[in-house]
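Listed in order, the protein sequences are those of chains A and B.
Residue 221 in my numbering sits at position 221 of the first sequence, and the numbers go up by one each step.
Residue 113 in my numbering sits at position 113 of the second sequence, and the numbers go up by one each step.
Don't read these hints as lab results, they were simulated from the structure.
A few of these clues could be false.
Stated by the list, open to error - Pair by pair, the computed Cβ-Cβ distance ranges are:
#1 B/4 / A/231: 48 to 58 Å
#2 B/3 / A/238: 47 to 57 Å
#3 B/100 / A/13: 32 to 42 Å
#4 A/97 / B/213: 17 to 27 Å
#5 A/250 / B/238: 21 to 31 Å
#6 A/99 / B/4: 48 to 58 Å
#7 B/100 / A/245: 40 to 50 Å
#8 A/110 / B/213: 27 to 37 Å
#9 B/3 / A/110: 21 to 31 Å
As the list claims (entries may be wrong) - List of simulated lysine-lysine pairs, BS3-like, C-alpha gap at most 30 Å:
#10 A/117 / B/117
#11 B/179 / A/117
#12 B/117 / A/179
#13 B/117 / A/171
Said to hold, decoys possible - If you want the ones that stay clear, here's a sample from chain B, every Cβ over 12 Å from chain A, calculated:
#14 10
#15 31
#16 61
#17 74
#18 75
#19 124
#20 145
#21 164
#22 183
#23 204
#24 222
#25 228
#26 239
#27 245
#28 256
Glycine residues also receive a C-beta, built at the ideal position from the N, C-alpha and C atoms.
Number of protein chains: 2
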Amino acid sequence: MEEQDRRLKASMDKIKQKIVVLSGKGGVGKSTVTANLAIALASEDHGGKVGVLDADITGPSIPKMLGVRSHGLAMGPPGVFPALGPYNMKVMSMDYFLSSDEMPVIWRGPLKSMAIKQFLAEVVWGDLDFLVVDLPPGTGDEALTVMQSIPNIGGVVIVTIPSEVSQIVVKKAVTFTRKLGAPILGIIENMSGFVCPQCGAETNIFKTGGGRKIGEQLGVQFLGRVPLDARICDDSDQGTPFIMQHPDSLAAKAFLEIVRNIEKQIPRQPPNTKET
Amino acid sequence: MEEQDRRLKASMDKIKQKIVVLSGKGGVGKSTVTANLAIALASEDHGGKVGVLDADITGPSIPKMLGVRSHGLAMGPPGVFPALGPYNMKVMSMDYFLSSDEMPVIWRGPLKSMAIKQFLAEVVWGDLDFLVVDLPPGTGDEALTVMQSIPNIGGVVIVTIPSEVSQIVVKKAVTFTRKLGAPILGIIENMSGFVCPQCGAETNIFKTGGGRKIGEQLGVQFLGRVPLDARICDDSDQGTPFIMQHPDSLAAKAFLEIVRNIEKQIPRQPPNTKET
Chain A
1 MEEQDRRLKA SMDKIKQKIV VLSGKGGVGK STVTANLAIA LASEDHGGKV GVLDADITGP
61 SIPKMLGVRS HGLAMGPPGV FPALGPYNMK VMSMDYFLSS DEMPVIWRGP LKSMAIKQFL
121 AEVVWGDLDF LVVDLPPGTG DEALTVMQSI PNIGGVVIVT IPSEVSQIVV KKAVTFTRKL
181 GAPILGIIEN MSGFVCPQCG AETNIFKTGG GRKIGEQLGV QFLGRVPLDA RICDDSDQGT
241 PFIMQHPDSL AAKAFLEIVR NIEKQIPRQP PNTKET
Chain B
1 MEEQDRRLKA SMDKIKQKIV VLSGKGGVGK STVTANLAIA LASEDHGGKV GVLDADITGP
61 SIPKMLGVRS HGLAMGPPGV FPALGPYNMK VMSMDYFLSS DEMPVIWRGP LKSMAIKQFL
121 AEVVWGDLDF LVVDLPPGTG DEALTVMQSI PNIGGVVIVT IPSEVSQIVV KKAVTFTRKL
181 GAPILGIIEN MSGFVCPQCG AETNIFKTGG GRKIGEQLGV QFLGRVPLDA RICDDSDQGT
241 PFIMQHPDSL AAKAFLEIVR NIEKQIPRQP PNTKET
């Protein structure tokens with residue numbers, strides 16, 4: 001195990017910024033946020049220098065969303081080579097090790113933690129500017145392992161939907177992150193309002209404003225809100241992140257604003273102190 | 001441990017039907033389905049004879065949705081007494097053991113499994129007609145423990161949203177359930193289409209039809225679809241399940257039809273063989 005820890009540290013040391021995307025409740029669009037955040041970073045001037053780790057062992061969906069499924073992964077003396085997504089993004093997911101979609105991963109926590117550690121230590125990430133880690137919902141084994149195994153996490157992005165039920169779970173995610181000593185970059189309110197494409201009337205299906213409210217309550221930056229848009233789901237299903245496919249949509253614009261808010265807070269390499 | 005297993009079995013033997021609500025992906029409305037299914041059963045002629053176990057240890061939301069939060073739970077020689085919800089429904093959740101909303105449960109799998117076993121063994125459920133168990137997303141520790149610990153599960157309800165990304169994860173849930181030998185009652189397609197309250201135009205925000213398609217592919221009954229409705233989220237936040245609060249809504253009617261489809265498949269006590 002010490003050998004693995006050493007390799008893990010060496011591998012992570014070659015990655016300038018490690019960003020973790022966390023949510024309390026599931027289904028708030030965490031993976032969509034991860035995929036689009038990675039695309040936004042890679043499309044700027046980090047092509048080939050962005051990695052995405054899908055740490056959702058039992059429900060991996062990043063490969064589908066980024067359109068990089070069913071790649072046979074190459075292996076070599078240094079380890080497993082990640083799949084290559086848009087902008088030469090490096091992608092690793094449990095999905096690549098399952099023989100079919102039907103195949104469930106019926107693993108208890110310790111095994112899931114072991115898999116995540118292997119993804120960190122044995123994958124040939126190489127020199128990256130950013131590694132974006134997509135966690136499964138909640139504050140369980142996967143989240144703990146990621147937070148405790150990755151040295152120098154640059155920051156945690158917390159995704160929520162506006163509903164009050166979600167707010168309760170988001171509070172837990174904030175406390176969890178603080179307890180583990182990682183900096184919080186802020187809260188994204190996803191699925192915030194829906195504009196009828198027919199008549200333009202806005203309906204707040206999952207309410208609105210909850211993310212900002214919780215940010216203020218807990219002293220966490222509010223990064224912005226992304227509205228519901230049927231095209232986001234379509235794009236995810238087709239493996240083309242919506243900020244690539246529909247860059248002019250309200251949702252894509254909102255999302256890019258959020259990415260800028262995140263970037264402002266991440267010290268560039270060599271580290272400098274931008275004001276947030 | 002043997003003593004606990006004995007108590008668990010004795011406790012479960014007093015419950016006629018154990019129904020488990022499972023989803024692959026999070027945020028598909030599993031807890032909303034659980035809460036409303038329990039209400040529907042209790043409101044028929046099972047008042048006081050329905051229990052709900054919130055097996056989502058790190059993100060419990062059932063108490064909030066059923067409007068039974070912050071009850072101090074009574075303890076006595078037979079164990080912990082569950083909270084009492086609408087129609088004298090018996091409710092147990094990790095939420096009752098947390099001092100504040102901010103408090104996260106930072107537990108690895110074995111601890112979560114232990115908590116669930118205690119909820120099954122040490123809670124004074126009494127004689128029930130139905131126990132509805134709400135699982136956290138995925139096929140991890142909580143799901144495994146529930147499926148392996150509860151004897152004679154009457155059936156598993158699988159909740160999904162229509163998107164393709166969700167379908168992949170639903171397939172895993174179906175295989176998971178089959179591997180563990182529990183009968184599948186069927187698939188519910190939640191968040192299926194949205195009707196603009198302003199103009200009546202329908203938008204399939206998360207697509208539509210995926211649940212039926214996957215059911216056909218896997219040979220699993222399709223129980224029905226529930227449309228998106230902003231009032232569902234409002235009602236959940238206010239702790240009044242929407243089939244109580246808005247019984248005339250399209251969503252409530254769809255949901256009651258689903259409950260009937262579920263009931264058709266559950267043999268009544270004393271067991272008889274209704275055709276499905």
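Exercise for the section: Quick one: which hint numbers does this structure break? Sort them smallest to largest. Expected result: Failing hints, ascending: 6, 15, 16, 20, 21, 23, 25 and 26.
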